Amino acid sequence: MSVVPISYYLVLSAILFGLGVIAFVFKHNIITIYMAIELMLNAVNLAFVAFARAYNQLDGLVFVFFVIVVAAAESAVGLAIILTIAQNRQSLNVERVNQLKF
Amino acid sequence: MLLLNHLWIILALPLAGAAINGLFGKNWPKRAVNSVAIGSVSLAFVAVAELVREFVQLSPCQTPWVKNYFPWIIAGPFRVDFALQVDQLSIVMMLTVSFVGMLIHIYSTGYMEHEGGYYRFFSYLNLFMFFMLTLVLAANIVVMFVGWEGVGLCSYLLIGFWFLKKSAADAGKKAFIVTRIGDFGFTVGILLLFWTFRSVDFATIFSKVAENPTDVGVLTSICLLLFAGAIGKSAQLPLYVWLPDAMEGPTPVSALIHAATMVTAGVYMVARMNPLFSRAPIAMFAVAIVGTITAFYSATIGLVQTDIKKVLAYSTVSQLGYMFLGCGVGAYAAGIFHLMTHAFFKGLLFLAAGSVIHAVGGDQDMRHMGGLRKKIPVTFWTMFIATLAITGFPPFAGFFSKDEILYSAYAGPLANKVLYALGLSAALLTSFYMFRLVFLTFFGSPRYDEQKVHVHESPKNMLAPLVILAILSTIGGWFAAPKFWGGQDYFHNFLGPVFAQADKLAPAVEMSEEAAHTLEWQLSGVAVIVAGIGLIVAWWFYIRQPKAPEALAKSLHGPYTLLLNKYYGDEIYLALIVRPLLWLSTNVLWRVVDEGMIDGTVNGAAHVAREAGGELRKLQSGNARSYAAWVVIGAVGVTVLLLGIWTRVVH
Numbered sequence: 001m002s003v004v005p006i007s008y009y010l011v012l013s014a015i016l017f018g019l020g021v022i023a024f025v026f027k028h029n030i031i032t033i034y035m036a037i038e039l040m041l042n043a044v045n046l047a048f049v050a051f052a053r054a055y056n057q058l059d060g061l062v063f064v065f066f067v068i069v070v071a072a073a074e075s076a077v078g079l080a081i082i083l084t085i086a087q088n089r090q091s092l093n094v095e096r097v098n099q100l101k102f
Numbered sequence: 001m002l003l004l005n006h007l008w009i010i011l012a013l014p015l016a017g018a019a020i021n022g023l024f025g026k027n028w029p030k031r032a033v034n035s036v037a038i039g040s041v042s043l044a045f046v047a048v049a050e051l052v053r054e055f056v057q058l059s060p061c062q063t064p065w066v067k068n069y070f071p072w073i074i075a076g077p078f079r080v081d082f083a084l085q086v087d088q089l090s091i092v093m094m095l096t097v098s099f100v101g102m103l104i105h106i107y108s109t110g111y112m113e114h115e116g117g118y119y120r121f122f123s124y125l126n127l128f129m130f131f132m133l134t135l136v137l138a139a140n141i142v143v144m145f146v147g148w149e150g151v152g153l154c155s156y157l158l159i160g161f162w163f164l165k166k167s168a169a170d171a172g173k174k175a176f177i178v179t180r181i182g183d184f185g186f187t188v189g190i191l192l193l194f195w196t197f198r199s200v201d202f203a204t205i206f207s208k209v210a211e212n213p214t215d216v217g218v219l220t221s222i223c224l225l226l227f228a229g230a231i232g233k234s235a236q237l238p239l240y241v242w243l244p245d246a247m248e249g250p251t252p253v254s255a256l257i258h259a260a261t262m263v264t265a266g267v268y269m270v271a272r273m274n275p276l277f278s279r280a281p282i283a284m285f286a287v288a289i290v291g292t293i294t295a296f297y298s299a300t301i302g303l304v305q306t307d308i309k310k311v312l313a314y315s316t317v318s319q320l321g322y323m324f325l326g327c328g329v330g331a332y333a334a335g336i337f338h339l340m341t342h343a344f345f346k347g348l349l350f351l352a353a354g355s356v357i358h359a360v361g362g363d364q365d366m367r368h369m370g371g372l373r374k375k376i377p378v379t380f381w382t383m384f385i386a387t388l389a390i391t392g393f394p395p396f397a398g399f400f401s402k403d404e405i406l407y408s409a410y411a412g413p414l415a416n417k418v419l420y421a422l423g424l425s426a427a428l429l430t431s432f433y434m435f436r437l438v439f440l441t442f443f444g445s446p447r448y449d450e451q452k453v454h455v456h457e458s459p460k461n462m463l464a465p466l467v468i469l470a471i472l473s474t475i476g477g478w479f480a481a482p483k484f485w486g487g488q489d490y491f492h493n494f495l496g497p498v499f500a501q502a503d504k505l506a507p508a509v510e511m512s513e514e515a516a517h518t519l520e521w522q523l524s525g526v527a528v529i530v531a532g533i534g535l536i537v538a539w540w541f542y543i544r545q546p547k548a549p550e551a552l553a554k555s556l557h558g559p560y561t562l563l564l565n566k567y568y569g570d571e572i573y574l575a576l577i578v579r580p581l582l583w584l585s586t587n588v589l590w591r592v593v594d595e596g597m598i599d600g601t602v603n604g605a606a607h608v609a610r611e612a613g614g615e616l617r618k619l620q621s622g623n624a625r626s627y628a629a630w631v632v633i634g635a636v637g638v639t640v641l642l643l644g645i646w647t648r649v650v651h
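Protein sequences, first through last, are from chains A and B. Going by my numbering, the first sequence wraps up at 102, each residue one higher than the last. Going by my numbering, the second sequence wraps up at 651, each residue one higher than the last.
Note that these hints are calculated values from the structure, not bench results. All values derive from a computational prediction rather than experimental measurement. We treat Cβ as the ideally placed atom computed from N, Cα and C, and that holds for glycine. Treat each hint with caution, since some may be false.
In silico DSSO-like pairs for lysine-lysine, Cα to Cα no more than 30 Å straight-line [unchecked claim]:
1. B:Lys165 to B:Lys452
2. A:Lys101 to B:Lys310
3. A:Lys27 to B:Lys618
4. B:Lys547 to B:Lys374
5. B:Lys166 to B:Lys452
6. B:Lys166 to B:Lys310
Residues of chain B clear of chain A, computed beta-carbon distances all greater than 12 Å [to be verified]:
7. Leu191
8. Asp503
9. Gly596
10. Val632
11. Gly637
Just a few of them, taken from the derived set where beta-carbon distance is under 10 Å, the chain B residues facing chain A [said to hold, decoys possible]:
12. Arg617
13. Gln620
14. Ser621
15. Gly622
16. Asn623
17. Ala624
18. Arg625
19. Ser626
20. Ala628
21. Ala629
22. Ala635
All chains should be built: construct the whole structure from the sequences, respecting the hints.
This is how it looks when you write it as structure tokens:
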């Protein structure tokens, strides 16, 4: 049987991560930025799973579960913050959330 | 054996008095302060007397009696113990200091009665007694140095006792700073002493120097450095300038610190270190020469001063010069003897001068006195006795001590005829200015405003010390009278063990008893004649022809002005040392080094941090996406760095 080489997974993971970064930096909508974060997290998850499979070790899988759990918790908190911002500013443009500075 | 085993009691008593008065005395009535101050000093005197009784019962092999209390400084081979020592020399000093000190404490209760800061005065005075006794009881030179600096501190505090008066505060500072110049030499001397002998203990050093011959050059350096300290403390040329200014302090302070005890610490130190000095002939000669020149120099200044205390101050400088002359020609016992009699008669002179000042309501100028003899008879008679003692008329105390010093300068082991001649001329000057003082103050017609000034004799607590000191100034020399005067010279015999090494190194000149007697007759005859001439000249000028001094001052205008201005000593120091130092401190050390370099470095560092921070804080824009961009840039940077390192490791 033919096995997909690990480099395929890693390249895919890197592409997904790069898309996430680009979306994070250039998008204005907070929800979109939020999705970009999830994309980056899952890109990393894919790399973990690929390595775990390649080296036959469980550690990577354990990390993936951690990341999924943390991402779930984060989305709970993050969505609450986004809702509050939306209520206060009537906008989801990240440019308008810039009061926290020098 | 109680006190020999508990020497600390002698120190603890005045220290306790100082602490109690200083901490609690502020709101106490004067009587309570008096009883603490006088009580502690009197008890200290009683303790010293008891110590003497116990000490004379010791066998010679038990002296010096050293008590080691605790190790104080241990640093590698350097070890200093807090140790006290009793020997014949410290016995003499302790008796003098504690007895004269006690009398002056009693006198002060009268003199300072109407002054503010009463408790402070007595606290300082007791503290002074503590440090002075530490100085004389010390068993090593470091503990001695503690006492040495401590008395300097008390001197500063008491000269500037009336610190609201600028001249008094300045005089205190001057005394402290000028003596510090000498003390620098002293501390270097201590280091060199340790470096040479690996010990700071008197007993160890003296036995080491006796056993192994040490390089004379090193010994000379040590002695000269230590003598620099003595020059500062005992107000010799060229560091004498602080003592006349120290007269700004209250008169009892002048009597106790600047006549009887502290200023003689230098003489004591030289006598204490006699095994070293006797092995360094150049240092000895320096001691003798400095002493003699100072004796003569300051006596000439004393001739024309008009402030009664200034005359006595220059007289003190001059008499201290005599003591150094004695030590310098190898007659340490004579020097110490003069130290003791000087404590009596000069203490008395100052106290009597204080009584005169008290009587005329605070004026110290002798030109505003005159004719006080009948109004304050006790003060007059005691001061007259002291004057006879200091000028060296027999049988008063000063005659024996001064005669002995002059004899040693003429015929002692290290005799020097030039020094003798200078010493004798200083004796002539002493006689003149002292009788001038007495005649101007007590004889003639009153020159003060009799309507305004009500001359009154001082209270009993001031007169009693005068009378006691007058008795001592009279009889104080008798028990040291040389054989030729029918005495036994107990003093010399008593001090013998302390100066044994010095006496062995420079044995007395061999002379037949008859020749010695003749010589002594001649020398003391000359001394008395010289003193008599001074008396007669003073009498001629100030009683017989009261107009003569003015005429003489006019005809000898140049020298007179020179003397009146004290050879411009202060002005020369001001121009040569103080002003350049002040200029250097202000323009270089302050403006350039302190403000420019030190402040500049500190402020510069702060400036850099602030500017950098000001720029860097703009990175925190509040824009979440820019943060993300920075994170990405950082991550890329770290990745590139790691890849670079990795590739380098692999290849």
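Hint check results:
no.: 1; hint: B:Lys165 to B:Lys452; result: holds, 25 Å
no.: 2; hint: A:Lys101 to B:Lys310; result: violated, 76 Å
no.: 3; hint: A:Lys27 to B:Lys618; result: holds, 22 Å
no.: 4; hint: B:Lys547 to B:Lys374; result: holds, 23 Å
no.: 5; hint: B:Lys166 to B:Lys452; result: holds, 27 Å
no.: 6; hint: B:Lys166 to B:Lys310; result: holds, 18 Å
no.: 7; hint: Leu191; result: holds, 58 Å
no.: 8; hint: Asp503; result: holds, 86 Å
no.: 9; hint: Gly596; result: holds, 34 Å
no.: 10; hint: Val632; result: violated, 6 Å
no.: 11; hint: Gly637; result: holds, 14 Å
no.: 12; hint: Arg617; result: holds, 5 Å
no.: 13; hint: Gln620; result: holds, 5 Å
no.: 14; hint: Ser621; result: holds, 6 Å
no.: 15; hint: Gly622; result: holds, 3 Å
no.: 16; hint: Asn623; result: holds, 5 Å
no.: 17; hint: Ala624; result: holds, 6 Å
no.: 18; hint: Arg625; result: holds, 6 Å
no.: 19; hint: Ser626; result: holds, 9 Å
no.: 20; hint: Ala628; result: holds, 5 Å
no.: 21; hint: Ala629; result: holds, 5 Å
no.: 22; hint: Ala635; result: holds, 9 Å
Consistency with the previously given hints fails for numbers 2 and 10, ordered from lowest to highest.
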